[in-house]
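*Asks:* Here are the chains, one letter per residue:
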Amino acid sequence: MIAELGHYALMLGLGLALVQASVPMLGARRNDPVLMDVGSSTALAQFAFVATAFAALTVSYVRSDFSVLNVFENSHSDRPLIYKITGVWGNHEGSMLLWVFILALFGALVAAFGRNLPERLKARVLGVQAWIAVAFELFILLTSNPFLRIPDAPVEGRDLNPILQDPGLAIHPPLLYLGYVGLSISFSFAIAALIEGRIDAAWARWVRPWTLLAWMFLTLGIAMGSYWAYYTLGWGGWWFWDPVENASFMPWLTATALLHSALVMEKRDALKVWTILLAILAFSLSLIGTFLVRSGVLTSVHAFANDPRRGVFILAILVVFIGGALVLFALRAPVLKQGGLFAPISREGALVLNNVFLVCACGTVFVGTLYPLALEAITGEKISVGAPFFNSTFGPLFVPILIAVPFGPLLAWKRGDLLGAAQRLTAATGIAAITIAVAIAVSPGGPVLAPFGIGLALFVTAGALTEIVERTGVLKLPLSTAFARATGLPRSTWGGMLAHIGLGLAVLGIIGETQWSAEALREIKPRQFVSIRDYELTLESMATRSGPNYRELAARFAVHRNGALIGFMEPAKREFPSRETATTQTALMRRGLSQIYVSLGELKPDGSVGVRIYYKPLVLLIWLGPVAMALGGALSLSDRRLRVGVPKPARSKSALAPAEY
Amino acid sequence: MTRRQRRLTLIGSALAAVALAVALVLFSLKDSIVFFNSPTDLVEKHIAPGQRMRVGGLVEEGSLWRGENLTVRFALTDGSHEVTVSYRGQLPDLFREGQGVVAEGALDSYGTFQADTILAKHDERYMPKEVADALKKHSHWQGEMVKTNTTAPRGAVQ
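Sequences listed follow chains Y and Z, in order. Sequential numbering of the first sequence, starting at 1, is according to the numbering used here. Sequential numbering of the second sequence, starting at 1, is according to the numbering used here.
Honestly, I wouldn't trust all of these hints.
Chain Y regions said to be covered by chain Z (calculated; three or more residues, Cβ under 8 Å) [said to hold, decoys possible]:
id: 1; stretch: 103 to 114
id: 2; stretch: 316 to 330
id: 3; stretch: 386 to 395
id: 4; stretch: 602 to 616
In case anyone wonders, no lab produced these hints; they're calculated from the structure. Glycine residues also receive a C-beta, built at the ideal position from the N, C-alpha and C atoms.
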């Protein structure tokens, strides 16, 4: 009954989406407020129905209703409640339902909180949002229905792949989807603006918070996924340039560019056409990501060829939306006249530089991700494009961005003073130079580029702090004045600083981890030890234990440093009988910002066990950096909301009239 | 600067960045991509030792041998030919005899494939696509080996 209810709710949701996709559009064209109002009510109602469908599937999972095919294939009654719930999105059908749920959620948020939007713009935004909803709801109902029943209900389910039964993975997909589905809002705003044939600074002021919100979640989602891979896969890697990862990284790069260009548009009324294009590209890359992950084209060409309905359907959605958006862009972009002028060396110029390099870096990731697929489709030749490719293309393109980051906020709008900015960055440059010298001195014969990487990371971090020091005058003025100035700074300034510090920290972690890690790969028996850097890990004992749906072999290590016991680590190897699979439970011990990492291998007949031990310096910064970026985003957003709350000047007649004519 | 000069400067520097990106991509595509071969390809193509590549196939039943200090050897087969793979380290959780895997590394002068990376992907029902294709080519393909809607949010599990 519950499953049928969900199915029915989803169909009603589709019906409402169809209304939302057409009526408000017509209303906006005829300038009929009644028809335009339909947009908001249908967006809220559509959300209610899609949420009902999602809730119905969740209930089926919680109740372990194995008469529902999707639940049977992906759940098991022994599983802890939390993993029954996360099982909802641990599979194709359920994750598409989550996708649509989040899409409807964002539509509803615009309907609920977009009261200040000009009516016509709002109607069109909701209309475009509903076009996407229609496409994906049809996709679910026609090709990936999660509510299908099995005639004779099995007693037990087939269980979720155990590697997916993990708290990190429980929240990774929702975060990621909030991010890249959230970019649909920027896309809808861009399309709506193109249809209107008009765009002004007020538009950017509305788009920026939404992009920022999506970007925050995307940042957290990617970081979460990376940390999950790091501790589950058992070999210490945290980024693999895997197509599935790239699928989420490309929208992130474009969304980052979009955030910055929208800033220029909001403050200076320039870069309009480019901002619109970025908004289209960011969501297009989200769609391409969805295609890559959901069509089966990556997992197997045969799966794709055997059941091409899904792949072809998503491909059709891609072609219609991306193609349509770009055609509309080509037709309408010339109408959007460019605003504010600026010299190449200015805040705008720095942001353009940021945009150009981010987009180029994104382009190389795009080529590296899709080239093997294209080559195989065309010539049948199979290649793999791995980390070396991305390191040698993405890396060099990211260096100029990092160098430019501290300069940007120190340059004035319109016309900046590069020399002045450089002078103000003397302290940051000094810190970087000293660090480089120390790093070279400390590890002679070490990795050549690593000290420069560390220097660059500190330059970014110190550069971000410089802006705040400059603006509060904390070193020159009395403390009370500096404090008053600091509280007077807009939160978005603090947010931007925090995000840039986060970037610097992340780079620091990446360089530390990749260049100075130590690894030990051994086979040891109880009471033997392995030493790594200053630490000594002694295998004390091994034991077999059972959990709710698994058996595990656990080892206990005592960790000593300079002869003193500092703690114990317990890595394990789990077997899941219901799926005949094993997972590695790594043990992590934090030492400052670094970690000791132990993963267990095979137990041999002679009683020895394989262990892999790493010492990973500064590794935590890789994820704390993105967390700081997301916090910066949140801080900035709290500021924006206040300002979006008082958009009266923007709603005045002069702003509503075509701004450029 | 005039408006025109400003625009030209901007467009010029953007083009320079794009050119840099294109050059990097072309340069790297030449050097850092890795071709995939089946054990039969190794025999037929007379591949020189030391050339980096990927080899995929099924781990032959009973061929896995564990030596001292985490060294392992196993035979990788596509049904027609096989190659011995040597590796030091921990095998992925999903590594099993009779299962499809991909090894990355190079042939040594004795014809043994010295792997530094072994990939076995997510689901136990799932086979790396290169392996599936290679097996299919050499007609040892069984349809059920691939589950059509395998889902895992991440790819390679080394």
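*Asks:* It remains to establish, for every hint, whether it holds in the given structure.
*Replies:* Hint by hint, here is what the structure shows:
Counting residues of the stretch 103 to 114 of chain Y whose CB falls under 8 Å from any CB of chain Z gives 0; the rule of at least 3 is not met. Evaluation of the coverage hint for the stretch 316 to 330 of chain Y: breached, as 0 residues show C-beta separations to chain Z shorter than 8 Å, against a requirement of three. Residues of the stretch 386 to 395 of chain Y with a Cβ under 8 Å from some Cβ of chain Z number 5, which satisfies the need for three, so the listed coverage holds. Counting residues of the stretch 602 to 616 of chain Y whose CB lies closer than 8 Å to any CB of chain Z gives 4, so the stated coverage by that chain holds, three being the minimum.
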